[in-house]
Amino acid sequence: MYLHETLETLSRDGIEKLQIERLRKTLHHCLNSPFYRKRFAEYKLRPEDIKTLDDLRKIPFTTKNDLRENYPFGMAAVPLEETVRLHSSSGTTGNPTVVLHTQRDLDQWAEAVARCLYMVGLRKSDVFQNSSGYGMFTGGLGFQYGAERLGMLTVPAAAGNTLRQIKFITDFGTTALHAIPSYASRLYEVMLQQGIDPRDTKLRTLLIGAEPHSEAQRKRIEEMLGVKAYNSFGMSEMCGPGVAFECPEQNGLHIWEDYYIVEIIDPDTLEPVAEGETGEMVLTTINREAMPLLRYRTRDLTRILSGKCPCGRNHIRLDRMKGRSDDMIILKGVNIFPIQVETILMKFKELSSSYLIVLDTVNNNDEMSVEVELEELFTDDYAKLQGLTKEITRQLKDELLVTPKVKLVKKDSLPKSEGKAVRVKDLRNH
Amino acid sequence: MTIHQISIFIENKLGSLNEILNIIKSERLQIIASTVSDTVEYGIYRVITPEPRKACLALKSRGLAVNLTEVFAISLANTIGTAAETISYFTLAGINIEYMYSFYLDNRGILIMRTSDTAKTMEVIAKHKLNCLTEEELLQFN
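Chains as they are written, first to last, in this note's numbering: chain A, 1 to 430; chain B, 1001 to 1142.
The reader is advised that the hints may include incorrect statements.
For lysine-lysine, the following DSSO-like pairs were computed, each having C-alpha atoms within a straight-line distance of at most 27 Å [stated by the list, open to error]:
id, chain 1, residue 1, chain 2, residue 2
1, B, K1013, A, K411
2, B, K1129, A, K407
3, A, K384, B, K1060
4, A, K349, B, K1013
5, B, K1054, A, K349
Just so you know, the hints here were simulated from the structure itself, not pulled from any lab data.
Isolated chain A (complex conformation):
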């Protein structure tokens, strides 16, 4: 039932004792990071000042902006020769963020993912297929190493090519698949077109994450594919997948408190919310060498579920993510900030400064379109107008890593850029 029985079944007291011990160690270790050394000095903080978990609140927050400003290696708490891998965010607008890992970090990450997979019933005898993008996107390698750690036969199919994914599922007898929720629906459709009944395959377990989805959507995926679908939560700043995961109860995601200290704050007042209230999740890593993060503002909105989980784990359960405290969009598992779109569009003098991002579900597939206003009709030639939309599409794709549909609309038809203009319209059925 438990891969790491002792750690997974720790009592609340046991968890807190372990946390304070690991937190103290982490704080001392943070002094090796140029960023935290400077920050501790600014706030006249010493690791010794933190004696209890409540003392954590004396430490200032760390934000994504801190990571950007200290690009690429300013956050590192070990010499670079001790690190063995980095993952980086996609954004080329401003500095991307870099996350560094030592070999121990990678091992611990793989253990966390393996723990999650074992928790939902996957074993050595399972065949695990991963339809995440590999490379810098942590959903690829993160699940790969975790699944190998568990000893499963892994099929690193990577993203896209639905026909090939289905061939792998049928030919290799895939029993467990990691996919973003919207892709699971897509798989079902193509299976039907191919005359394949998903229930005739060996697929029984789906791991879905990296994209907001509702309980209704999960139920639909389970019915369509004849599987159990478990919610996965990860973020690249923490490592990737394996931060929190649903247990067989499918009622909230256990976040591994031997890895993270969780706080839920009001994003406006920055004060802790009342028990069980929704707020922004703040995480402190306590099991990490290369790049410890103290009180990192995840921008993800959630709440802590009360009560004891029948699965026997006392690690707290998070409700499914309710959105973001910033304007980040998650499309097909890819994080997108409207400012990235804006920066690209500003380069085109043919366009006005107004634009609208529309997210919609078309044939079970999530799509993004960008409406832009044509400021001047610079040509009388259709081919040149199409050339303009193609060039905008290409540049947006290079920046965002998803291909939006670019639509030219007439001047003054979109919300104006002054004040709080509506930049994103989300029509997806989640």
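Given the coordinates of chain A, assemble chain B onto it according to the supplied hints.
Relative to chain A, chain B alone:
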């Protein structure tokens, strides 16, 4: 040898043409000829009007995306086969016609066209002594 046509960006949406025509009406502009073709999301509404420069500024000031485009307005005798013969001159000279539309004026057919090579088109027109409408002649519609 050329005249100016007004090209207006138009969305493929119910009421778009109506809206543009109302603006043209309120600016008291005369439409001598016009064309718009079916496209998926947007199109270009092309209009021949007297005093195109003035009209262009007026429409821009009303928030339309407008382009002033140089086109040819070739005047043809009203007999069968004239158009075929005329166009063959351009074909033989290797000139591609990007778009063309026509209207009827004083018992003559007027071909409005934009070609792939304006300079070469002028040579062909001079060589075959083709009759072209001028912007001055369009003023009679004012």
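Checked hints:
1. B:K1013 to A:K411: Answer holds: K1013 of chain B to K411 of chain A is near 14 Å, not above 27 Å.
2. B:K1129 to A:K407: Violated. K1129 of chain B to K407 of chain A sits at ~44 Å, over the 27 Å cutoff.
3. A:K384 to B:K1060: It holds: about 20 Å lies between the C-alpha atoms, which stays within 27 Å.
4. A:K349 to B:K1013: Satisfied, since the Cα-Cα distance of roughly 25 Å is no more than 27 Å.
5. B:K1054 to A:K349: holds (24 Å)
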